[in-house]
Amino acid sequence: MAGSPRDERAWVRGAQGGSVSDLESLFRHHWPRAYRAAYLVVHDSAAAEDIAQEAFLAAIRSLDRFDRRRPFGPWLHRIVVNRAIDWSRARALRREAGEAGLQNVAATTAPDNPHALSLADALAELSPEHRAVIVLRHLLDYTPGEIADLTGLPRGTVNSRLRRGLDHLAMRLGEEVQ
Amino acid sequence: MTQWRKPAPGEHEAGDRSWEVVLRAYDERVRVPHKRDWRPVVAIVAGVAVLAAAFSPPGLAVFGSLRDAVRGADNAKPALDSLPAAGRLLTESRTGIWVVQRDGSKRLLRGYRDAAWSPHGKYVAAVRGSELRAFEPNGAVHWSLGRTARIRNPRWSFDGFRIAYFSGATLRVVNGDGTGDHLLTRDVRPGPSAWQPGRHTLAYVNRAGNIQMDNVDKRNRTSTVRAGATPRQLAWAPDGRRFIAVENHAVEVFWQRGPRIGGLDRGAARVIAASIAPDGKHYAFVETERGRSSLQLTGLLGGPTVAVFSGAGAFTNALWSPDARWLLLDWQSADQWLFLRTPVKKLKAVSNIRANFGADPTLVGWCCP
Numbered sequence: 001m002a003g004s005p006r007d008e009r010a011w012v013r014g015a016q017g018g019s020v021s022d023l024e025s026l027f028r029h030h031w032p033r034a035y036r037a038a039y040l041v042v043h044d045s046a047a048a049e050d051i052a053q054e055a056f057l058a059a060i061r062s063l064d065r066f067d068r069r070r071p072f073g074p075w076l077h078r079i080v081v082n083r084a085i086d087w088s089r090a091r092a093l094r095r096e097a098g099e100a101g102l103q104n105v106a107a108t109t110a111p112d113n114p115h116a117l118s119l120a121d122a123l124a125e126l127s128p129e130h131r132a133v134i135v136l137r138h139l140l141d142y143t144p145g146e147i148a149d150l151t152g153l154p155r156g157t158v159n160s161r162l163r164r165g166l167d168h169l170a171m172r173l174g175e176e177v178q
Numbered sequence: 179m180t181q182w183r184k185p186a187p188g189e190h191e192a193g194d195r196s197w198e199v200v201l202r203a204y205d206e207r208v209r210v211p212h213k214r215d216w217r218p219v220v221a222i223v224a225g226v227a228v229l230a231a232a233f234s235p236p237g238l239a240v241f242g243s244l245r246d247a248v249r250g251a252d253n254a255k256p257a258l259d260s261l262p263a264a265g266r267l268l269t270e271s272r273t274g275i276w277v278v279q280r281d282g283s284k285r286l287l288r289g290y291r292d293a294a295w296s297p298h299g300k301y302v303a304a305v306r307g308s309e310l311r312a313f314e315p316n317g318a319v320h321w322s323l324g325r326t327a328r329i330r331n332p333r334w335s336f337d338g339f340r341i342a343y344f345s346g347a348t349l350r351v352v353n354g355d356g357t358g359d360h361l362l363t364r365d366v367r368p369g370p371s372a373w374q375p376g377r378h379t380l381a382y383v384n385r386a387g388n389i390q391m392d393n394v395d396k397r398n399r400t401s402t403v404r405a406g407a408t409p410r411q412l413a414w415a416p417d418g419r420r421f422i423a424v425e426n427h428a429v430e431v432f433w434q435r436g437p438r439i440g441g442l443d444r445g446a447a448r449v450i451a452a453s454i455a456p457d458g459k460h461y462a463f464v465e466t467e468r469g470r471s472s473l474q475l476t477g478l479l480g481g482p483t484v485a486v487f488s489g490a491g492a493f494t495n496a497l498w499s500p501d502a503r504w505l506l507l508d509w510q511s512a513d514q515w516l517f518l519r520t521p522v523k524k525l526k527a528v529s530n531i532r533a534n535f536g537a538d539p540t541l542v543g544w545c546c547p
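So the protein sequences, as listed, match chains A and B.
Numbering of the first sequence is given in our numbering, commencing with residue 1 and proceeding in unit increments.
Numbering of the second sequence is given in our numbering, commencing with residue 179 and proceeding in unit increments.
Isolated chain B (complex conformation) (with noise of 0.2 Å):
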């Protein structure tokens, strides 16, 4: 079995076009301090305990929390031993999606990504190799449907009736129960796609770059969205009248069929993900710049912006719990999750997350009491 030493097929030009690429992603990546440096966490909390004593005025009863959060922080747990609040939570990771009880036991479902709860957390949407499927979140699937080119995001509709997904550079539409499975536009960016509460119309974004809505069950065209910049994500708020648009340095809010009723522009900070309240009337977001992360709290319709915590190296997500009182926010760069109680109160740091549910961990959802 001497074949096995031997080069394959374009191995030497392969490598070095590949170390080429490697190169550049070298040069461009954003470094992040090997050791952890909880200085800036300790100033934050101090910083937080000046915000919570604006929000709650029982200040006594409000420090006390303060001083579980510095020590939560310092003493971060060393797995996810419960969730603060009602609902379950997905999470995803190299290993596969993982569904996390209130009572912090979890269930894998090994292979699995890009997932997305149903409306009412009974089921979840996933791809596991060429193929969608939809099951229960003990693991059991209910239908699977193969496509050949890379499938992508799925999202559920309000009512569970429609899931969305991209299939290659294509935005394709299923029933909930795996019928009807049909194109609905080539004329997409894969990516972003968000339905709007109470209405099978989806928003995602045209090869233009901007805001596409279409009723899917109608088949016309409703509106176009202009938007500054190409956005990354979209999310809506829970009364369907208003949506939000992530960009690159922005979040832009609109009316539902536009226009741009408010939004922040960022200067050259990068913002990562926002989530909007279940509330709907603040939405949070996580933004970089020059190697800190921050998560920020605003409101949908205005006013100020608060920065809720912030930190060295990258946060990626932040979300919101069903019963709008806490805010989970990955900090991938320190391996941990925060779980913050909103108007901050309180924090609970969690570690080892990589140890605990696989090689890049992501926050999915948190849905559903």
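If we strip away everything but chain A, and leave its shape as in the complex, we get (with noise of 0.2 Å):
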């Protein structure tokens, strides 16, 4: 599954058309990203299973209109990380009413993860806008301008949570982040 733009446009193509082997490759092609990328702004499996499982059947709503000469995964990731933000805002206000103790039960993470001991952890620390923002930069590889672009920031906000979320990271994991 190389995953290239045009096996991109190749599998919209299909899945607009009917295969499910497009569809599925489309899937199973996005699917890590966008998990990994609601995982790592609400540090909550089963709500990052819920917002990338919603991001793609909004995606299924909108096949048929979905201009082809669009890239697929910016599209997608705008939904992913708007609505993991919406939905760690709404879990703060939960946690200001006093379910805090109800959240860490929640919260236990396999032990031998990498996410669960240090990066989630450093990330956690920070606000969902900076969290977002740090993971559309490099867990998904945007520039600061398609990041401004897709959440609708100032270039100047971008960068500055950029680098103080970077800052954060590298402090609490003690490497360098580029």
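Keep in mind that the hints were calculated from the coordinates and are not lab data.
Hints are not guaranteed to be accurate.
[Unchecked claim] EDC-like cross-link-like pairs, simulated, lysine to aspartate or glutamate; straight-line CA separation at most 16 Å: (1) K184/B / E146/A; (2) K300/B / E314/B; (3) K284/B / E314/B; (4) K284/B / D259/B; (5) K184/B / E8/A.
Mind assembling these two chains? They're in different frames, but the hints should get you there.
Here it is in structure tokens:
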């Protein structure tokens, strides 16, 4: 599954024409990064699954209208990241309302997973908005300009959030973040 | 930073589970022809000509208008440059909500969803994140309240003194100035609700799938109306004496506390939405069957049902202009809005709705000259 832009256009075209195998290629190619992006913002497996799944369902609903000249990934990632931010904000409100105990129980993670031990923990100390920008830059490889377009934020805000977030990660993880 | 490339907890299992869900959704989707087919439009406009002739004796003038209509369909405007009647339009997309003025100028209120006009169009209630907010159409927020559960579907009472909204699986009411927020009921199916004009009585669907009416001030349950199927939309006639319930395959008309006094069973066609005309005599509804949709018009108290317009793909909603002279139809599959003069004499089409308003645009309300 190479996943070049040409492959992706072919998958979208095939899926629009009714090909389940093309749809599955599209799904299998994009699922890991969609799920991972959601997870790194919300730090909750069940929520990440819901968020990524809903993003794909939205894609299915809009499949026939999708413009094949446009890349599929950014469109999907925009949905994932925005929903993940909304979910995190809602969780923060719940925590203020006194559900911190439940949250701690729900947040048990596999001890041998590197995300659980360091990166996700360090990210979780940032605000959802900062996490989203970091994830878009370093997991999904968007440029700051593309992130500004995806999120609707000014370019300067994206850069400052990146800088602040990366400084925090570098301090917590003990390695230089590019 | 090699950890970015490692799987997150549960990634593979969640992927397998989600693939099953996505595949089911893919199998169940209604496919839309990718290329626009104008032949149905031309056929319908030709049909409209007959209707228009019937509605309007001065035939020459009517047929002149219909030529305009045909031209309008073929040469749809690339953007909404004005509304054909007084009032302001409220629309919603994934970007946020848009307030469109009569002259076509529009303002984006980014990040909002589930918007509703206040009775005179002076304010909008909408949801942003976890907050219900009331603000002026220029975006100036007057108040907000936060809930932990997802807020949906705020609705203003006839006088603007109450707002009903869903919070998770509950129905709540707050005063129009943001005070007095309280739980109305947990016995509710979140989705439709409608205030009776002239009273603080709210109609909604209870867990049993019946229509429940509560006077929110007296806190006494006033009546329960049994519907043929669980309603997806409720709407009152302007005089507050009748209301309609939109079900999957029917529209039912009820007296204010029941019983059923009319309606239409649409058989295999799925009824998508309905809208009562401001004069209270007619209602329009959109339905879809086998990949085609149509806009229908009929009397609230019965009478013939007239197909006003039909086309390939999905229509999602229809709104009346405040003066009851125009119907605005959202032809989602064609990425167009159609303004239809009623009785049908003229059609104005506007294209590129998604490009101009954002992804998944929907019509919310056309309010208040």
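These are the hints, each one checked on the structure:
| no. | hint | result |
| --- | --- | --- |
| 1 | K184/B / E146/A | violated, 24 Å |
| 2 | K300/B / E314/B | holds, 6 Å |
| 3 | K284/B / E314/B | holds, 14 Å |
| 4 | K284/B / D259/B | holds, 10 Å |
| 5 | K184/B / E8/A | violated, 23 Å |
Against the hints set out earlier in the document, violations occur for numbers 1 and 5.
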